[in-house]
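A.B. asks: Sequence:
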Amino acid sequence: MKKKNLLKGVLFVGVGASIYGMLATFVKMAYHDGFTTSEVTTSQFVLGLAGLLILNFIHTITSKQKLSSPSSREVRVLLLAGTSLGCTSLFYYIAVQYINVSIAIVLLMQSVWFSVVVESIIAKKLPNARKVISVIIVLAGTILATNLINMDIELDWHGIFWGLLAAASYTMTMFTSNTLATHLPVFRKSIIMLCGGAVVVLGFLFFAQIGPMYSDGLRSLYLNFTDNTEHIHSFNYSIFWTYGFVLALFGTIVPPILFNIGFPNAGLGLGSIVSSLELPVSVTMAFVLLGEKVLFIQWVGIILILFAIVLMNLPAKKDLKVVEVI
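Start counting the sequence shown at 43; every next residue gets the next number (the working numbering).
Keep in mind the hints are simulated off the structure, nothing from the lab. Here the structure is a predicted model, which means the values were calculated and not measured. There's no promise every hint is true.
[Stated by the list, open to error] Calculated lysine to aspartate or glutamate pairs in the DMTMM-like style (CA-CA distance at most 25 Å, straight line):
| id | residue 1 | residue 2 |
| --- | --- | --- |
| 1 | Lys-173 | Glu-161 |
| 2 | Lys-335 | Asp-198 |
| 3 | Lys-335 | Asp-75 |
[Claimed, not checked] Simulated restraints, written as ranges between beta carbons of each label pair:
| id | residue 1 | residue 2 | range |
| --- | --- | --- | --- |
| 4 | Lys-50 | His-225 | 16 to 26 Å |
| 5 | Phe-203 | Phe-338 | 25 to 35 Å |
| 6 | Val-352 | His-74 | 33 to 43 Å |
| 7 | Thr-104 | Trp-199 | 43 to 53 Å |
| 8 | Leu-332 | Leu-181 | 20 to 30 Å |
| 9 | Gly-245 | Asp-75 | 16 to 26 Å |
| 10 | Leu-48 | Ile-339 | 27 to 37 Å |
| 11 | Ile-103 | Asn-47 | 19 to 29 Å |
By construction, the Cβ of each residue, glycine as well, lies at the ideal position given by its N, Cα and C atoms.
Using the sequences and the accompanying hints, generate a full structural model.
C.D. replies: Written out as structure tokens, the structure reads:
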């Protein structure tokens, strides 16, 4: 029975990670069709929120027991934590504007060692030797995966900046998701956090696209950050029935559900290893659907990053002994 649950957990986490890994490729395709970052993120969050509300309603009326409800304090905390969810999507999608998807996903995976740093700060304790070695391997893999050695691929510093910001925000999302209001049903918790993310996304829509159309003051303020005015225009609602559904399904609905089912069965360590499938899937999708150039040296770097994730999450010898005794 335990073996069956473990296999189920690995399968759910693996499928969830693979689906999430496809997301950036669809975002890039939406850009090619003329949609803006604001339109992409807004459609993803609005449709994602609608989908989760429907699923929560079905779960509530079909559940045989009363589901936990959040306190007013928990709602406030989850809304605040959810802003990191909106920032992650926003920063990641902005990065994809400037750099290849294969590079952007490598930068997002820097959350692996960002989380080690945050964990050490919170615990007020230095990481163990294995984690330090894993971080060094991740950094070495990143140098290869982004091809900083040969520079056959041009790297726009804007893309690197936004990609690293996405990694920092993603790290915050992972920590808050695993520590806040863990007693709540997954749909209810996700809805509240998604509302917090939606505030960020809608704020960006007003600041970068809608606001500058009607206010010279906002336009002047916005032009302090960029010279690009091509996406200052009325909202293109066709994003909802072209890419919005896919983005919401692959970004805010299916992966979180699969992760919440899979991680308890697979365990955090094994689950983290399996979830790293997101990296090769994302790079492969970009190679197949977008025709992005991925060199052999970059694949070596990606393999190194995957190896570091496995090394970081393997159980210690003493834990293995405990398992053997049990």
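A.B. asks: Sort out which numbered hints this structure fails and list those numbers smallest first.
C.D. replies: none
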